[in-house]
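Enquirer: These protein sequence lines are chains A and B, in that order.
Once you know that position 167 of the first sequence is 167 in our numbering, the rest is easy, because the numbers rise by one and skip nothing.
Once you know that position 373 of the second sequence is 373 in our numbering, the rest is easy, because the numbers rise by one and skip nothing.
Just so you know, not all the hints are guaranteed correct.
Which residues of chain A face chain B? A partial, calculated answer using Cβ under 10 Å [said to hold, decoys possible]:
id	residue
1	27
2	47
3	55
4	72
5	75
6	78
7	79
8	82
9	97
10	105
11	108
12	112
13	120
14	174
15	211
No lab work stands behind these hints: they were computed from the structure.
A virtual CB, placed ideally from N, CA and C, is assigned to each residue, including glycine.
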Amino acid sequence: MTILKAEHISYSYRTKYQTIEAVRDVSCKFDAGKMYAVTGESGSGKSTLLSMLAGLDLPQSGRIYVQGKDLAAMDRDRYRREQASVVYQAFHLFPLLTALENVMFPLELKKVKKKAAAEQAKELIRQVGLSEKTFRQFPQMMSGGEQQRVAIARALACGGNLLLADEPTGNLDTENEQHIVKLLCQQSRERNYAVIVITHNPEVARQADIILKMRDGRLVDAC
Amino acid sequence: MLRNSIRQMLRTPVRTAAFLTLTGISALILSLGANLFYISKKTEDATKNSFTTIGMVNQSPSGVSMEKYWDPETQGYAAYSREQYDTPIPDSVLDIEGMPYIHKPKHQPFYAAYAKDYIVRNTHSEVDESWWGIGSDSIIAEMEPFEDCVPDHPVKLHFKKSLYGNITERMLNQIWFWDYENPSPEPLKAGKTYIMALYMNSSLEYNGLLEKRGFEDVSAVWTPWIDIQGSQYKADGSPVTDEKYEGVFFSEVTDGFYATPEGKRWLNIIDGFKITDYSIPVTPTDATKLLMYFYNGNAGISQGRDITTSEYADGAKVCLVDSKFAANNQLNPGDTLRLPLFYADYSAPACRFYPFWAEQTLTEKLIDAIGNRYEVFDDSEYTIAGIYQVTGGVQDYTGFEAPKNGIIIPAASVRSSDENNIRGYMPMKNSNTVFQIENGTMDKFWEIWDEKGVDGLEITLQDNGYSELMQSFQNTRKMSVILLGAGIGAVLLILLFFCHMFVTKQKIRTALERSLGVSRHKCRISLISGILLIVMIGVIIGTVIGALFTDRVAAQLNNGTKYSGAYSANQSAAAENVLPDDLLDKSHIDLIIPLLTGAAVFAASFVSALLMTEKNLKKEPLKLLSEIKKE
Chain A
1 MTILKAEHIS YSYRTKYQTI EAVRDVSCKF DAGKMYAVTG ESGSGKSTLL
51 SMLAGLDLPQ SGRIYVQGKD LAAMDRDRYR REQASVVYQA FHLFPLLTAL
101 ENVMFPLELK KVKKKAAAEQ AKELIRQVGL SEKTFRQFPQ MMSGGEQQRV
151 AIARALACGG NLLLADEPTG NLDTENEQHI VKLLCQQSRE RNYAVIVITH
201 NPEVARQADI ILKMRDGRLV DAC
Chain B
1 MLRNSIRQML RTPVRTAAFL TLTGISALIL SLGANLFYIS KKTEDATKNS
51 FTTIGMVNQS PSGVSMEKYW DPETQGYAAY SREQYDTPIP DSVLDIEGMP
101 YIHKPKHQPF YAAYAKDYIV RNTHSEVDES WWGIGSDSII AEMEPFEDCV
151 PDHPVKLHFK KSLYGNITER MLNQIWFWDY ENPSPEPLKA GKTYIMALYM
201 NSSLEYNGLL EKRGFEDVSA VWTPWIDIQG SQYKADGSPV TDEKYEGVFF
251 SEVTDGFYAT PEGKRWLNII DGFKITDYSI PVTPTDATKL LMYFYNGNAG
301 ISQGRDITTS EYADGAKVCL VDSKFAANNQ LNPGDTLRLP LFYADYSAPA
351 CRFYPFWAEQ TLTEKLIDAI GNRYEVFDDS EYTIAGIYQV TGGVQDYTGF
401 EAPKNGIIIP AASVRSSDEN NIRGYMPMKN SNTVFQIENG TMDKFWEIWD
451 EKGVDGLEIT LQDNGYSELM QSFQNTRKMS VILLGAGIGA VLLILLFFCH
501 MFVTKQKIRT ALERSLGVSR HKCRISLISG ILLIVMIGVI IGTVIGALFT
551 DRVAAQLNNG TKYSGAYSAN QSAAAENVLP DDLLDKSHID LIIPLLTGAA
601 VFAASFVSAL LMTEKNLKKE PLKLLSEIKK E
C-alpha cells in the first residue's frame with residue numbers, strides 16, 4: 001500500500017548571492033512495510049526532500065499525497081503529530097526531559113492519559129532495546145546510540161505509519177550504526193511502516209529495500 | 001504543555017531561581033516607586049485642596065506724630081507718639097496684572113445688624129436694661145454742682161437723673177467728679193443742671209494719684225468718659241468731622257434742651273448705646289477661609305454646610321451663624337435670619353467690639369457727623385446655610401478672633417452702599433484686608449510684587465506650611481521616579497535576558513515541538529507559560545513586599561518635615577487643625593497600584609516573551625536545527 005507519493009515536487013531557496021534549486025521535479029512513492037534509503041552527495045537535496053515528505057515544509061510546485069490526500073490541503077501539524085515522525089542525525093531529544101518523558105511527549109500530545117502514556121513509553125523504550133535504568137536518564141547521561149534509540153522510540157510513539165530518518169547513524173560508531181539500522185528495518189517490517197532513511201553511508205543504504213539516489217536536486221536512480 | 005514547560009524550567013533550578021529572585025526584586029523596586037509616586041501625588045492633591053495660601057495687607061504709617069497731653073500727676077504737658085497715615089491707599093491698587101489671585105485683596109468692614117428680636121447674651125436670656133452702665137461703670141446722667149466750682153480737682157456733684165447706666169443703687173445722690181486730664185477745665189455753676197458722660201475712674205486710687213495730689217479723703221472719683229462728637233468717614237477713608245463737639249463731654253441742660261441739635265445728639269448717643277446691646281456683628285467675606293479664625297482652625301462648620309463658591313460669587317443671601325447664637329435662638333440650617341445692617345466699620349475686626357468671651361458688647365457712639373443715629377442701609381433675610389463652632393483662640397488678642405454672635409455672609413450679598421454709614425475707618429490692615437492666591441505661587445507673587453509692588457503697603461503671605469510640605473512631597477516624588485526608572489530598567493533587562501534564555505535559546509525545543517506536530521499556537525503557550533508563571537510569582541512577592549515597605553519608606557522620606565517642623569511655633573496648633581485627619585490616611589496605598597504594577601510587569605513579560613517566541617516560530621524546524629548545528 002502506498003503511504004506517501006510525491007509528484008513532480010520542486011523546492012528552491014534564495015541565499016544572499018544566488019537561488020538554489022534544492023529539489024527539482026522529483027516524483028517517487030513510498031509503500032508500507034518497506035525501508036527506503038535516499039542517498040546522494042552533500043547538497044544534493046536529500047534533507048530538503050525529507051523536510052517536505054515530513055510535512056515540515058511544502059513544495060513550491062508539485063504535490064505530495066498522503067494515502068491519496070493532498071498534503072497541502074491537510075493539517076500539517078496533525079500529519080506530523082499522528083502520521084509522520086522524524087529521527088535526526090543529532091538525536092535532538094528534549095535535553096531537560098528524561099528518556100521516558102521524551103517518549104511520553106508525543107503520547108501526551110495525543111491526549112493519552114499520563115499513566116497510560118508512561119506505560120506505552122516504557123514498552124517502546126524496551127522495544128528499542130534499552131533497559132529500565134534509562135527511563136529516568138537525561139539525554140546527556142546517555143551514549144549516542146542510546147539517545148538515537150530513544151529518538152526512534154519517540155518517533156514510534158507517534159503511532160503513524162511513516163518514519164523519516166535524517167542521517168540517523170551519522171553520529172554513531174559502527175556497532176551502534178548496525179543496531180539502529182537493524183532497528184529501523186525491523187520497524188518497517190513488524191509495524192508495516194514506510195521507513196525513509198536519508199544517508200550517504202552505503203552500508204546503511206545497502207540494508208534498505210529500495211535506494212533512491214539524488215544529484216543536484218533530481219532523483220537520478222532508483223534500485 | 002504547561003506541565004512540560006514548567007518541568008523543563010524547574011530542571012534548571014539555578015537559572016529559574018535567579019529569574020524568580022531578580023523578577024521579585026525588580027517588581028519590588030517598581031512597586032515601591034509606583035506606590036511612592038502615587039502616594040505623593042495623591043497626598044499632594046489632597047493637600048492642595050486642604051491648604052489655603054492667603055495674604056494680608058498692611059498700610060505702613062507715613063510717620064509718627066508727637067501728641068501732647070496734660071499729665072495730672074506732674075501738672076504739666078507730656079507727649080506720646082502716634083502713628084500717622086497719609087491718605088488711605090485703596091485696595092484697587094493691588095489689582096496687579098499677573099498676580100495669582102483666587103480672591104483679590106478687598107478692604108472689608110464688618111457690619112452691625114439690629115437684632116432686637118434675638119437673644120444676644122450668653123448668661124441672660126434677655127438684655128437686662130438695669131445692667132446698662134454697670135459693667136463698665138459708665139454713665140450718662142444729669143448732675144448739678146453743690147456750689148460754683150472748677151473741676152481741676154475732685155468736686156462734689158448732685159446726681160439728679162440717670163439717662164444711661166444705673167448708678168442710683170450705689171451712688172445715692174452725690175458723686176465726686178474731677179476733669180483731671182484737662183489743664184483748664186470749664187467752670188460749673190451751682191443750681192445749673194449738666195448732662196455728663198462719666199465713668200468711675202478707679203485707676204486714680206490704684207495709681208495713687210489722689211494721694212499724691214493730697215486728696216486722701218476722696219474715693220470713687222468719676223472722670224469724663226466720651227465727648228459727643230460724631231464718628232463718620234467717607235468711602236475713601238477721610239473723616240467727616242464736626243469739630244464743634246470735639247472734647248465736649250457735658251452740656252448745660254436748660255428748658256427745651258433736648259429739642260436742640262446738641263440735646264438730640266445726647267439722646268442719639270444714648271439710644272446708640274442701647275442699640276449696641278441689641279446688635280450682632282455681620283462679617284462679609286469672599287470665602288470662609290479668608291476669615292482668620294477659620295483659616296487658623298479655630299472655627300469649623302458644625303452643622304449644615306459651608307457657603308459655596310458660587311454662592312459667594314453670586315452674592316447669595318445665605319449665612320453662617322455662630323453656634324452659641326444659633327443655640328440661644330434655636331436657629332438651624334435652613335432657617336432665615338433678618339439682618340438690618342445699620343453701620344459699617346473698617347477700622348478693626350468685629351471681635352474688638354463684640355469680644356467672643358465677653359458678656360457685654362463694647363458701647364460705642366453710633367452717631368454720624370451731624371449727630372444723627374445711623375439708620376439701616378441694607379435689610380435682607382438670609383437663609384442659614386450652616387452653623388459654625390468656635391473651638392479656640394478667642395483670647396489670642398491678635399485681632400483674628402471670632403466675634404461673639406458672629407454672622408458670616410457673602411460680601412457680594414450686600415447690594416446697598418454703606419458709604420453714608422461708615423462709623424470707623426483705618427487703612428488696610430492685616431485684620432481687614434485679606435486675599436487668597438493659588439497654593440504654591442508665593443515665589444511668583446513676590447517676583448511680581450518686586451517688580452510692580454506698591455509703596456507704603458506691606459504684604460504678609462501665609463500658607464500654613466504648604467511650601468514645606470510640597471518640598472517634602474517633591475523629595476518623595478524624586479525618589480519614587482528614581483525607583484520607578486530603576487524598576488522599569490531592571491524589569492526590562494531581566495525580562496529580555498531571561499526571555500532570551502528561556503525562549504530564543506530554546507531552538508531545539510521549539511524545533512522538536514514543531515516537528516512533533518505541536519501547532520505554532522501551542523508551541524507559543526509551551527514556551528511562554530513557564531516564564532509567565534515565574535514572573536507572576538516574582539511579581540506577587542515583589543509587589544506585596546514593596547507595598548509593605550512603602551509606608552516605612554514614605555515615613556523616612558517625610559520624616560521631620562511632614563506636618564510638624566513646617567510651621568512656625570504660633571502656627572503649629574492651628575496647622576494641626578487645618579490638616580484633616582484623613583489627609584494622614586492618604587499615605588496608605590490603594591490596592592490598585594500593586595495590582596497595576598504587577599499587571600504592567602506581567603504584560604511586559606508576556607509581550608517580550610511573545611516577540612521572542614515569534615522569532616523562532618517563524619522558521620521551519622529543520623532550518624532551526626541546522627542553525628543549531630552551525631552554532
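Enquirer: Run every hint past the structure and note whether it holds.
Expert: The hints, checked one at a time:
The restraint placing residue 27 of chain A at the interface with chain B is violated, with a minimum CB-CB distance near 22 Å, outside the 10 Å limit. Below 10 Å, beta-carbon pairs count as interface contacts, and residue 47 of chain A has one with chain B at about 7 Å; its hint therefore holds. The beta carbon of residue 55 of chain A is positioned within 10 Å of a beta carbon in chain B (closest approach about 9 Å), and the interface hint is therefore held. Below 10 Å, beta-carbon pairs count as interface contacts, and residue 72 of chain A has none with chain B, the closest being about 15 Å; its hint is therefore violated.
Among the interface hints, the one on residue 75 of chain A holds; its C-beta lies about 9 Å from the nearest C-beta in chain B, closer than the 10 Å criterion. The closest approach between the C-beta of residue 78 of chain A and any C-beta of chain B is roughly 6 Å, which is under the 10 Å cut-off, so the hint is satisfied. The closest approach between the C-beta of residue 79 of chain A and any C-beta of chain B is roughly 7 Å, which is under the 10 Å cut-off, so the hint is satisfied. Taken as an interface hint, residue 82 of chain A checks out: its beta carbon lies about 7 Å from the nearest beta carbon of chain B, inside 10 Å.
Interface restraint check: residue 97 of chain A against chain B, minimum CB-CB distance 7 Å, threshold 10 Å, status holds. Contact between residue 105 of chain A and chain B, as hinted, is supported at the beta carbon level, the nearest pair being about 7 Å apart and thus within 10 Å. For residue 108 of chain A, the interface hint holds, since its Cβ comes within 10 Å of a Cβ in chain B; the closest pair sits about 8 Å apart. At its closest, the beta carbon of residue 112 of chain A sits 14 Å from a beta carbon of chain B; the interface hint therefore is violated under the 10 Å criterion.
The interface hint given for residue 120 of chain A is broken, as the beta carbon of that residue sits about 15 Å from the closest beta carbon of chain B, more than 10 Å. Residue-level restraint check for residue 174 of chain A is violated (minimum Cβ-Cβ distance to chain B is 22 Å; threshold 10 Å). With a cut of 10 Å, the hint placing residue 211 of chain A at the interface with chain B is violated, because the nearest CB-to-CB distance is about 22 Å.
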